[in-house]
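Note that this note's numbering has the sequence shown beginning at 475, numbered continuously upward.
Hints are computed from structural coordinates only; laboratory data are not their basis.
Certain hints may be false.
[Said to hold, decoys possible] Here are the simulated DSS-like cross-link-like pairs (lysine-lysine), alpha carbons at most 27 Å apart as the crow flies:
(1) LYS865 / LYS851
(2) LYS731 / LYS661
(3) LYS668 / LYS749
(4) LYS778 / LYS588
(5) LYS780 / LYS665
(6) LYS735 / LYS796
(7) LYS731 / LYS588
(8) LYS661 / LYS780
(9) LYS665 / LYS851
(10) LYS665 / LYS796
(11) LYS735 / LYS611
(12) LYS796 / LYS661
(13) LYS778 / LYS731
(14) LYS854 / LYS865
(15) LYS749 / LYS796
(16) LYS735 / LYS668
(17) LYS851 / LYS668
(18) LYS851 / LYS593
(19) LYS661 / LYS593
(20) LYS872 / LYS661
(21) LYS731 / LYS668
(22) LYS588 / LYS854
(23) LYS665 / LYS593
(24) LYS611 / LYS588
(25) LYS588 / LYS780
(26) LYS665 / LYS588
(27) LYS593 / LYS611
(28) LYS683 / LYS749
(29) LYS778 / LYS796
[What the hints assert, rightly or not] Computed beta-carbon distance windows for the label pairs:
(30) SER566 / LEU793: 31 to 37 Å
(31) LYS731 / ARG864: 19 to 25 Å
(32) GLU788 / GLU583: 40 to 46 Å
(33) ASN779 / ALA685: 44 to 50 Å
(34) SER679 / LYS735: 23 to 29 Å
Every value quoted in this text rests on a predicted model; they were computed, and no experiment measured them.
Where is the CB? At the ideal position from N, CA and C, for every residue including glycine.
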Amino acid sequence: SRNTASYRPSYPLSNAMMTKVLHLLLLACICDAYSSWNAIRQSSFHHRSNNIVLLRKNGRRRAPLHMSDTTTTTDSSTSTDIIDRTTTTPPSAKTIPLWPNTFAGQVEEALLAKYPASKIERVLQSWRLAELDYEHKEFVGSQQSPPLPEDVDGTSRCYQHAPSYVPGLRAVAWWDDDLVTNLPWAKSLAKSYKAIREEFTEVMSNPTKLASDGNNIWAGALTTDAESYGEGWKTLVLLNRGQWDETNAGLFPVTSKAIHKSGVPAAEAFFASMKPQSSIAPHSDFTNFVLTSHLPLVVPENGKNKCRLSVGDETREWLEGKVILFDTSIYHDAINDSEEMRYILMLRVWHPDLTEEERGALQLIYDILEIPELLDKDAKVADRAEDMARKMREFPLKDGAIGGGFGGGAGGGKGKKGKGKNKKKGRK
């Protein structure tokens, strides 16, 4: 995108020569435009609508994972037409290595330099499928317990839609309560429920101070992609893509330490509010290799089925203090049918079917997308980038790094108080 006026000659040219010069300049502009488009395309994970991908196709960062929920004022039970019931099959090209001279190819080389191909084959497939703009769409009723019959009449919501797709992971709408309650991190958080709720209630009792001292408190839609999400669903971030918001963590130290101590393999942790008499339309969060967990803190008319969450074809109510785990790559919706605000602590966690190597490989992808210098051929530059990636995931309230995460992410906080305050987050 050069300024062609700067190439204007200072001496007379023949018409034929001028025509050639203009053609050359036009060709240069076209090449520049193509090069810029291709660079942006290769540097994106092509996760177009939300979730884990850190870059847009236009090079801007995506909004946070927790901005994925589309809030409306329409009863979700009337919104079945929103569900995409088409199915897809991964293309055979998924086995073809990427060009090494592209950004995506360099990421793939970095993965293979750190992990044996046989250990991360599913992650390699996922990365290659993303470069092909593949979106996985599947009816997953047969994977539920008990299995659901085929959706012959087109009324089921048990469909998975995952542009960010790792093959071979179970697609279970609701993870069994017995399994969840026996997860060490879920047990730990459930035990901390009363302390977390007490702290939350105390801090929320002074909303003016909270808004003044915190970062992006109760943020709504902050990007063009998220403008249609409405005002019903808002968040207060503690952890975003592995990076703690030091300011907000300091405002909620009991909660932040409880999350850290539990060992939950979380990419994100945040409080989420839902306005009374509002609903969230059926939607997918577009990524199948993370699950969503809720610890309900304040549920109006608790136990009276006023606040409900549907995943696939099953609806459950939020119950205060009960940890739940579900797959948000499957269509889901929610409703607050009460006259009061509903509040939860929400976490995004790695899918349990991922191996340690696969988690590490996915982590590396997001670290590179956040810090491209990790690919630098200069060892000193790469070492500094690795140190930066490590520090971005350090827990701010005491020494030590957290166990989960998706690489660096900006979210609401930038470490020290004041940096990044009221700064819009551009991820989805």
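Hint-by-hint comparison with the structure:
no.	hint	result
1	LYS865 / LYS851	holds, 21 Å
2	LYS731 / LYS661	holds, 15 Å
3	LYS668 / LYS749	holds, 23 Å
4	LYS778 / LYS588	violated, 51 Å
5	LYS780 / LYS665	holds, 25 Å
6	LYS735 / LYS796	holds, 18 Å
7	LYS731 / LYS588	violated, 32 Å
8	LYS661 / LYS780	holds, 26 Å
9	LYS665 / LYS851	violated, 48 Å
10	LYS665 / LYS796	holds, 10 Å
11	LYS735 / LYS611	violated, 37 Å
12	LYS796 / LYS661	holds, 10 Å
13	LYS778 / LYS731	violated, 32 Å
14	LYS854 / LYS865	holds, 17 Å
15	LYS749 / LYS796	holds, 21 Å
16	LYS735 / LYS668	holds, 16 Å
17	LYS851 / LYS668	violated, 50 Å
18	LYS851 / LYS593	holds, 25 Å
19	LYS661 / LYS593	violated, 30 Å
20	LYS872 / LYS661	holds, 22 Å
21	LYS731 / LYS668	holds, 14 Å
22	LYS588 / LYS854	holds, 18 Å
23	LYS665 / LYS593	violated, 36 Å
24	LYS611 / LYS588	violated, 31 Å
25	LYS588 / LYS780	violated, 49 Å
26	LYS665 / LYS588	violated, 38 Å
27	LYS593 / LYS611	holds, 25 Å
28	LYS683 / LYS749	holds, 21 Å
29	LYS778 / LYS796	holds, 15 Å
30	SER566 / LEU793: 31 to 37 Å	violated, 46 Å
31	LYS731 / ARG864: 19 to 25 Å	holds, 20 Å
32	GLU788 / GLU583: 40 to 46 Å	holds, 43 Å
33	ASN779 / ALA685: 44 to 50 Å	violated, 33 Å
34	SER679 / LYS735: 23 to 29 Å	holds, 25 Å
In terms of the numbered hints stated before, the structure departs from hints 4, 7, 9, 11, 13, 17, 19, 23, 24, 25, 26, 30 and 33, listed from lowest to highest.
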